[in-house]
Amino acid sequence: MTATRLHGHLSSDAVGLADTAWMPGTDPAERDNPSSGFIRRMRDLYPVEEEIDRALTRKMERRAGPAYQRVTIGMIDACLGAMLHDKGVREIHTRNHRWMTGGVSKIQLAFDLSWQDESGPRDERMVIRMDPSEGSNATSRQREFDVLAHVRGHLPVPEVFWVDPDGRWFPEPALVYAFAEGVAKPSRGNELKVSGIGTYFPPALRTPLAEQFISHLARLHSLAVDPARLASFTLPPLGTAESAVLQLNRAARIWDEDRFEDSPVIEVALSWLRENAPALDHCSINHGDYRSGNFLFDENAARITTWLDWERCFIGDRHRDLAWTTQLSVGNFSGRDGSFLVCGLVPFDEFVDRYSHASGLEVDRRRLDYYRILNAAQVYASVSASAGRVVRLGKTHQDIVLVHVQAVGAMVMDELRELLERAA
Amino acid sequence: MDRVDTALRGISKSLRDAVLPAVDPADPLAQDQLGLVVRYVDFLRDRIDLLHGRERAELRYQAGIAAILLELAPEASAAGCLAVLAEAARQALADPEQATSDIRDCRDQLGTATTKALRELGRTGKARAIRHAVLARSRTRITRERLWFQPLGFDQMQADPAQLRPLLQHDPTYATKNP
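Protein chains in written order, with the working numbering: chain A, 6 to 429; chain B, 1031 to 1209.
Extracted from the complex, chain A is given alone in its bound form (with noise of 0.2 Å):
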């Protein structure tokens, strides 16, 4: 059994990094203005999922267009009633809008909205999720909608409407789904944190949510998937490595794709991780960013209420988000003498125990090892390299939070360097 849905064509030695033949250089012209032959050899070099091709794609054939220009909410008002004309809305009015903030790569407006529909008058309180220009993820606004479909009633998700995946109707692709109360962070003790990286939590609230935390995952991981309702998904044959190739391939092409500076920590974290790509045992649902930050919760009920953030999804080894999980750079030291809490919640060896009884699956400390330096590898290229060429190209309505978010690159490359050492 081969992956479905994937560009170019896998095999054991198809991880890119053998060719030494060509490789990019310094001239920032190269990246800041990518040739089709840049871009086709980055695509050989690295074949990706399917969907996942068609996002870096896009994003490299628009580098050169124009910075982000700043959308208004009329514009969104017009863009949102063309779509849902042609999608056979009727009587539609929106009302109450405000910009969201909160995130790191996207566009978000809540408004209400009022239309007519086969059941009758509708009326609801809406976002609309729209790409920048260019954003630190190029990821697939169809996987988001696609995914959330999925799994609503089995874990809490806003209910989803409406996609635009190419932008047909928006400036850029975007997703319509209800707005979801709760708050991401505790009202106090969070002044200076951007976008839920590292969230305290009292005490208080810590056990209640990290019950709920851990069970979501737990049910997230262990959900069966239909290959039919998940469309512009790839799914990764079991017993080989080909899930974590695919998902070593993107981050290696990411970073040469985007990156101003060569680091040869980087250099030898995909190296390591080339020859060491672990088989998959068992096919999950990764929701790609599960984290602090990413779900919404009641405080004063102690309930999480929706989670969010689902464009980095995808199909295969569920120690991909458990890895992401335990990072040091989502999680802090305000456990019990300082000690180190998983997204501020709970210790590490005891989430592993509860997510391991609730979901029944194994968690294998190796493949948790590899991940990580995956993952970190991963960030590294997606705060040092992207958001850096995004904000050099001023593509998003929010630089200054991209610029911010660079200074955790060398955090996150310390990570990588310890693991390393250890795994090597």
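These are calculated hints, taken from the structure and not from any lab test.
Predicted model, so just to flag it, every value in this text is computed and none were measured.
Each residue gets a CB set at the ideal place from its N, CA and C atoms; glycine is no exception.
Careful: at least some of the hints might be erroneous.
[As the list claims (entries may be wrong)] Label-pair restraints from in silico Cβ distances:
no. : chain 1 : residue 1 : chain 2 : residue 2 : range
1   : B       : Leu1080   : A       : Asp358    : 28 to 34 Å
2   : A       : Ala34     : B       : Ala1113   : 24 to 30 Å
3   : B       : Ala1192   : A       : Arg103    : 40 to 46 Å
4   : A       : Thr106    : B       : Asp1076   : 55 to 61 Å
5   : B       : Gly1183   : A       : Glu164    : 35 to 41 Å
6   : B       : Asp1057   : A       : Glu96     : 37 to 43 Å
7   : A       : Trp104    : B       : Gly1040   : 25 to 31 Å
8   : A       : Glu186    : B       : Lys1156   : 44 to 50 Å
9   : B       : Leu1080   : A       : Gly70     : 44 to 50 Å
10  : B       : Gly1110   : A       : Glu55     : 26 to 32 Å
11  : B       : Asp1057   : A       : Arg397    : 21 to 27 Å
12  : A       : Ala34     : B       : Leu1080   : 27 to 33 Å
[Said to hold, decoys possible] Simulated coverage check for chain B against chain A, where a stretch passes if three residues somewhere in it have a Cβ under 8 Å from a Cβ of chain A:
no. : segment
13  : 1035-1049
14  : 1055-1063
15  : 1136-1148
16  : 1168-1180
[What the hints assert, rightly or not] From chain A, some residues computed to sit far from chain B (all C-beta separations above 12 Å):
no. : residue
17  : Gly93
18  : Thr212
19  : Ala229
20  : Arg279
21  : Ala307
22  : Arg422
Guided by the hints, dock chain B onto chain A, whose structure is given.
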């Protein structure tokens, strides 16, 4: 006489005292971003005198990686190019008149050559030895970078900010080999 520090201090104060209170409270995007702008201006003011030293430290680091590769794999196809660029780096670091941009260009060229060599050697029997040497050589550089960005508030590392300046001047682990 340079007044950049004073100018940045003035910019920060104007943004905090005059602009921030005038921003629409109903526009959280503008409120949040202005706060981040002020924080980065303050960070820049704190670091501006050290920017040249940081570029030199980065070049010194890349030269250290090149030295590792030349020692462990002199037969690599990129070795000749690496040796030439490493010598250029040595000369650049020895010249106090070198502009920051020249140091950076030198670093970029050497970095590209080391990447090419690492990709070639990453598939050989020497990969493991090179990996360990590169990681060991990178420790000080990474600590220096963490210290550099510490004022922005992401890093929970317990470290004395005064450690930064010495690390910009030399890598204590390899001090005898530093230009």
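**Request:** Could you check the structure against the hints above and give me the numbers of any it violates, in ascending order?
**Result:** 1, 4, 6, 8, 9, 10, 13, 20 and 22
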